[in-house]
Amino acid sequence: MLLVVEQFLNGLQFGLLLFLLAAGLTLVFGIMDLVNLAHGSLYMMGAYFAATFAAWTGSFLLGALLALSATLVLGIVLEMSALRHLYGRDHLDHVLATFGLILFFNEAVRLIWGPAGLALPLPAWLTVPVPILPGIHYPAYRLAIIIVALLVALLLYLGVMRTRIGMLIRAGASNREMIGALGINIKLLYTLVFGLGAALAGLAGLMQAPILTVQIGMGENILILAFVIIVIGGIGSIRGAFLAAIFVGMIDTLGRAFLPNLLRQVLSGAAASTAAPALSSMLIYLLMAIVLVVRPEGLFPANRR
Amino acid sequence: MKTFSVSKAVTAVMLAGLVLLPLYSYLSGNIFILTLFTRIVILALAAASLNLIMGFGGMMSFGHAAYLGIGGYAVGMLAQEGVGSGFIQFPVALAASAIYALVIGALSLRTRGVYFIMITLAFAQMAYYVASGLARYGGDDGLTVYKRSDFSGLINLSNRTQFYYLCLACLFGVIFLIWRIVNSRFGLVVQGLRSNEQRMQAIGFPAKRYQLVCFVISGTMCGLAGALLANNTDFVSPAVMYWTRSGDLMVMVILGGMGTLFGPVMGAVVYLLLEEFLSQITEYWALIMGPLLLLIVLFGRGGIMGLLGRLNRG
Chain B
1 MLLVVEQFLN GLQFGLLLFL LAAGLTLVFG IMDLVNLAHG SLYMMGAYFA
51 ATFAAWTGSF LLGALLALSA TLVLGIVLEM SALRHLYGRD HLDHVLATFG
101 LILFFNEAVR LIWGPAGLAL PLPAWLTVPV PILPGIHYPA YRLAIIIVAL
151 LVALLLYLGV MRTRIGMLIR AGASNREMIG ALGINIKLLY TLVFGLGAAL
201 AGLAGLMQAP ILTVQIGMGE NILILAFVII VIGGIGSIRG AFLAAIFVGM
251 IDTLGRAFLP NLLRQVLSGA AASTAAPALS SMLIYLLMAI VLVVRPEGLF
301 PANRR
Chain G
1001 MKTFSVSKAV TAVMLAGLVL LPLYSYLSGN IFILTLFTRI VILALAAASL
1051 NLIMGFGGMM SFGHAAYLGI GGYAVGMLAQ EGVGSGFIQF PVALAASAIY
1101 ALVIGALSLR TRGVYFIMIT LAFAQMAYYV ASGLARYGGD DGLTVYKRSD
1151 FSGLINLSNR TQFYYLCLAC LFGVIFLIWR IVNSRFGLVV QGLRSNEQRM
1201 QAIGFPAKRY QLVCFVISGT MCGLAGALLA NNTDFVSPAV MYWTRSGDLM
1251 VMVILGGMGT LFGPVMGAVV YLLLEEFLSQ ITEYWALIMG PLLLLIVLFG
1301 RGGIMGLLGR LNRG
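Going down the list, the protein sequences come from chains B and G.
All residue numbers for the first sequence refer to this note's numbering, where the first residue is 1 and numbers rise by one.
All residue numbers for the second sequence refer to this note's numbering, where the first residue is 1001 and numbers rise by one.
Simulated from the structure, these hints should not be mistaken for laboratory data.
From a predicted model like this one, the values you see are computed outputs, not experimental measurements.
Hints may be right or wrong, so weigh each one.
As the list claims (entries may be wrong) - Covered by chain B, according to a simulated footprint, are these stretches of chain G (three or more residues, beta-carbon under 8 Å):
#, region
1, 1082–1093
2, 1109–1115
As the list claims (entries may be wrong) - If you anchor each label on the Cβ, the simulated ranges turn out as follows:
#, chain 1, residue 1, chain 2, residue 2, range
3, B, W113, G, F1299, 29 to 35 Å
4, B, G58, G, E1081, 53 to 59 Å
5, B, L143, G, R1301, 33 to 39 Å
6, B, V294, G, T1035, 44 to 50 Å
7, G, E1283, B, S81, 23 to 29 Å
8, G, D1234, B, M80, 27 to 33 Å
9, G, R1112, B, M80, 30 to 36 Å
10, G, R1185, B, R239, 41 to 47 Å
11, G, T1035, B, V4, 43 to 49 Å
12, B, V4, G, P1091, 46 to 52 Å
13, G, E1081, B, W113, 41 to 47 Å
14, B, W113, G, R1185, 53 to 59 Å
15, B, L3, G, L1154, 55 to 61 Å
16, G, L1188, B, V294, 29 to 35 Å
Positions of the beta carbon are idealized from the N, C-alpha and C atoms, including for glycine.
Please build the complete structure, drawing on both the sequences and the hints.
This is how it looks when you write it as structure tokens:
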């Protein structure tokens, strides 16, 4: 029971983190029609910035805050210097150009921070276990991730659905020429959206940093998960990304936690322990395959133009 | 027929260079260059196979490295289990790649555009994780192939020159095949589907079936490259199917010129030589390569072949 609740919360936490990443990706794709592979690099940069700034300032929160603004600035610079020129080009061009950016970022990180990973230690008040149910404790930090990510999701929803900027963003997604003709500075809007996506990726990276090591290439595996999520959720749909992210986070975490035991009941011990790791890492791709067979457009496709 | 064109001349020079390379290596005593070019020829073969679906078929597969791994693991696993004959290893490698391509293609082709790019990527990543989980065959660390495929006296793969010419022959064979495919009725339908799928469907062609067959042919060809690559490095590991390797293959195709017969070969030669050259200058070669890719995408339309074509006109 204890293990089930704990793994369930772990799945939720991982799913919410994936959502932060997928939301930026799907926002940028939905509005600028840009496929950004370097999104994972921004996630990585968020983690590296946080580790560095936290070491400088000696405060985890201050470090995180600085890292968040640094990723935002980095995203804006990246958009203005390189990605802006890719709007309206073929998707293949996007893939290649941002693939080049990944090479660049990985190498730049290796040059600046060295090949060894960094650690981002947590302050004491975030490491204590918190009682969530009678008799069940859960690490405070993971709980904090869940709360922060839910808050961000809520803010994002309110921001996109209820504010003027959000209205412009939605209008830009459905018809960019028209909104430009109405006198909206579309360039600025795009830069803003890209910066927002970058900040979301950076937030995901810096929050994940204390749980995993901060290392080169950390953004790439999780980026592919984010792709799976937006394919399942429907490209361009934030609501789809949210539901799919939670779903994928749960399946992945619960699969890794419980599949080995389940298999052991069916197969012999040796066969189960060989098959379990491979099978549990395949689980979400199988899920994606099933979704594709049933709903090629994803579960919650954004409104077609 | 045009009498002279720059791109044809450059292609001819490059092909002649590839054929004569072992002679140069022998005369200059530079063995390294032969090893380097064996790798280049094998990856050129993989890039050419990718070009068939990407350049001619319009299917942007971002998971082509999976076949390199499948072909390689077929050789490595059979060798590990004591089946050393190339007459078994190579057909198994091709068949395994074909089956994988059939399943992945059938699923991925339900989508198009960006979805297709992401899905082929995700499936290749799945193959990568499965290979990492194969504890019996080395898992993450990969699998050493202690003995190269045995073609019982027909050809000796451990002889550098013979192996190089085998790879080159495979490359030329595959390009010949692609040339025949592209100019056949089947190839014309596939190219028609790239231009306008709806129209092709309206005049009665079953679009998905044609694309799937093309996808499987391309995957099988790339599986051959995988089997050769495992023999070349005497080693196969999940890293050969890592997604950056798929990206490399895409870059080779684009760099050389998508949808041209010899473009991918040119792209592979230039890309891998550039990588070799930059990595000799600095350890941080990707720092230069990354932005270079960005510039190629922004300014280099049509790749090297396109550039040569413009030279010809201008």
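Against the structure, the hints:
1. 1082–1093: This one is violated; 0 residues, fewer than the three required, reach chain B with a Cβ under 8 Å.
2. 1109–1115: Per the Cβ count (5), the hint holds.
3. B:W113 / G:F1299: 29 to 35 Å: holds (31 Å)
4. B:G58 / G:E1081: 53 to 59 Å: Since G58 of chain B and E1081 of chain G have Cβ atoms about 57 Å apart, the given range 53 to 59 Å holds.
5. B:L143 / G:R1301: 33 to 39 Å: violated (52 Å)
6. B:V294 / G:T1035: 44 to 50 Å: holds (49 Å)
7. G:E1283 / B:S81: 23 to 29 Å: Cβ of E1283 of chain G to Cβ of S81 of chain B: about 25 Å, so the range 23 to 29 Å holds.
8. G:D1234 / B:M80: 27 to 33 Å: For D1234 of chain G and M80 of chain B the Cβ distance comes to about 48 Å; the hint is violated.
9. G:R1112 / B:M80: 30 to 36 Å: holds (31 Å)
10. G:R1185 / B:R239: 41 to 47 Å: holds (46 Å)
11. G:T1035 / B:V4: 43 to 49 Å: Violated - the Cβ-Cβ distance for T1035 of chain G and V4 of chain B, about 55 Å, lies outside 43 to 49 Å.
12. B:V4 / G:P1091: 46 to 52 Å: holds (48 Å)
13. G:E1081 / B:W113: 41 to 47 Å: Taking Cβ atoms as reference, E1081 of chain G and W113 of chain B lie about 43 Å apart, which means the hint holds.
14. B:W113 / G:R1185: 53 to 59 Å: For W113 of chain B and R1185 of chain G the Cβ distance comes to about 56 Å; the hint holds.
15. B:L3 / G:L1154: 55 to 61 Å: Given about 59 Å between the Cβ atoms, the range holds.
16. G:L1188 / B:V294: 29 to 35 Å: Once the Cβ atoms are compared, 33 Å apart, the range 29 to 35 Å for V294 of chain B and L1188 of chain G holds.
Comparing the model with each earlier hint shows violations of hints 1, 5, 8, 11; every other hint is respected.
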